[in-house]
Amino acid sequence: MSQSYNRGLVEDFGRWREFSAGMWAWVFHKFTGWVLVGYLFTHIAVLSTALSGPAAYTGTIRTLEGLLVVRVLEVGLLAVAVFHILNGCRLLLVDLGVGLERQDVSFYASLILTGAIVVASVPTFLAGVSL
Amino acid sequence: MSTQLPQEPETESEPETDAETGSQQARRMREKAERRERTRTEETPDLSDEETRVIKVFRYDPEVPEKQEPRFDEFHVPFEKGTTVLDALIYARDTYDSSLTFRHSCRQAVCGSDALFINGSQRLGCQTQLGDLDEPVRVEPLPHQDVVKDLVVDMDHFYEQMHAVDPFFDPDETPADPMVEQSQTRANREKIKTSTRCIWCGACMSSCNVAAGNNDYLGPAAINKAYRFAMDEREGSEKKRERLEIIERENGVWRCQTQFSCTNVCPKDIPLTEHIQALKREAVKENLKFW
Ligand code: HEM
Ligand code: SF4
Ligand code: FES
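Just so you know, the sequences run in chain order A and B.
Everything in the first sequence is counted per this note's numbering, starting at 2 for the first residue and increasing by one.
Everything in the second sequence is counted per this note's numbering, starting at -1 for the first residue and increasing by one.
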């Protein structure tokens, strides 16, 4: 063969819009998994302020919860966690070979359920905690 | 399934010596001559009184200077109920540009030679109805394989992966009498039934993101091939162990991220992801067998 044409990465990225349910589920699952790992570190950092005494800890939590951004981010964290757990259960079923022909339905169900739970949580989070 | 417009020749015209033998052949040659004449005189045939569709076809040829830069060519093709993408390509080639290159043979989803990237999805040209697609219909060669010319991709790597799983029987013992059938139970036949239907078209491999990023990944079709033998009760136990070893290597079943793209595109509706998952479990079971 003389020569051939390699279409390269640019086209691969162009194919994102051709993703199907299973591929989006995979992308979201990786993304949410790593966000959760990231959160774990901040979570430990915040909790560690308790080492400097109860007052420091209460102060930190008050300041953080006083910020609107933090409360909005918390809604995001819930969304990420709920989706990861629901889709995680879906993946466990996939690993067990259960209901593979309906994997797209279970992905959409995870999305809808996540959406519903997140919307329901918005008032609680945005109201903040009264300490 | 494919519907053939009867007047279309099967292959590019090879100068047949006795065109008179069989009226079919004579008619074909006559039509071909007419078409050539028409192309010469008016450049494009008059399709104004016919229903037509537009296809945009990927063109590339490293050996022709004007085609070294990949581009899309538009063709207007006649449409009727049952016209497939392959029919459209054949019409475009025979009518407008005889250099338009693509593989095809059976025209009934059996040979696996015309897997193409049609409107953003891997499909067989002969199995895809033009009427089901949005216009203009984009026809490209399979992604993630090198393009040799126009719609023809290099399939060598795909075939290598297929052979890598030792796709043949190696039973522990064969009946002493060669006339004795080596039959399998009905239940076992059911279990492997869909996996035997693969036509080696390469659509699955082309759709797989993991295979795109990692050329050493065996890919769905090869793993399905391994499944076909590993799950067959006639398979020898030694061979089964060897085969499981192959598929659980670094670039075997564990690369699969259950994105289901292969299962979605397989023209023979083989539940590929299901088979890959079954082999993952089989591999785990094999490794847990310490008793
Ligand atoms: C009930 C809670 C959880 C469930 C059911 C769950 C389930 C799963 C499953 C099934 C996978 C996919 C494995 C695969 O590729 O097949 C996964 C991946 C992942 N999970 Fe979770 N998970 C949970 C909680 C968490 C938490 C709290 C974190 C973060 C600290 C996390 C981080 C990750 C990451 C980073 C991945 C991706 C790993 C990779 O790159 O393959 N998960 N999870
Ligand atoms: S498994 Fe399906 S998509 Fe893959 S090569 Fe075989 S027939 Fe084609
Ligand atoms: S031409 Fe044989 S599969 Fe389409």
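Quick caveat, the hints were computed from the structure, so don't treat them as lab data.
Where is the CB? At the ideal position from N, CA and C, for every residue including glycine.
A couple of the hints might just be wrong.
Chain A residues, not near chain B, derived (Cβ > 12 Å throughout) [what the hints assert, rightly or not]:
hint, residue
1, 22
2, 23
3, 37
4, 41
5, 43
6, 44
7, 49
8, 59
9, 60
10, 64
11, 70
12, 72
13, 76
14, 108
15, 112
Here are the computed distance ranges between Cβ atoms for each label pair [said to hold, decoys possible]:
hint, chain 1, residue 1, chain 2, residue 2, range
16, A, 105, B, 76, 43 to 53 Å
17, B, 213, A, 39, 30 to 40 Å
18, A, 77, B, 191, 41 to 51 Å
19, A, 94, B, 79, 35 to 45 Å
20, A, 116, B, 211, 29 to 39 Å
21, B, 161, A, 105, 46 to 56 Å
22, B, 182, A, 31, 34 to 44 Å
23, A, 127, B, 191, 53 to 63 Å
Inset, instruction - Identify every previously stated hint that the structure contradicts and give their numbers, smallest first. - result: 1, 2, 14, 16 and 21
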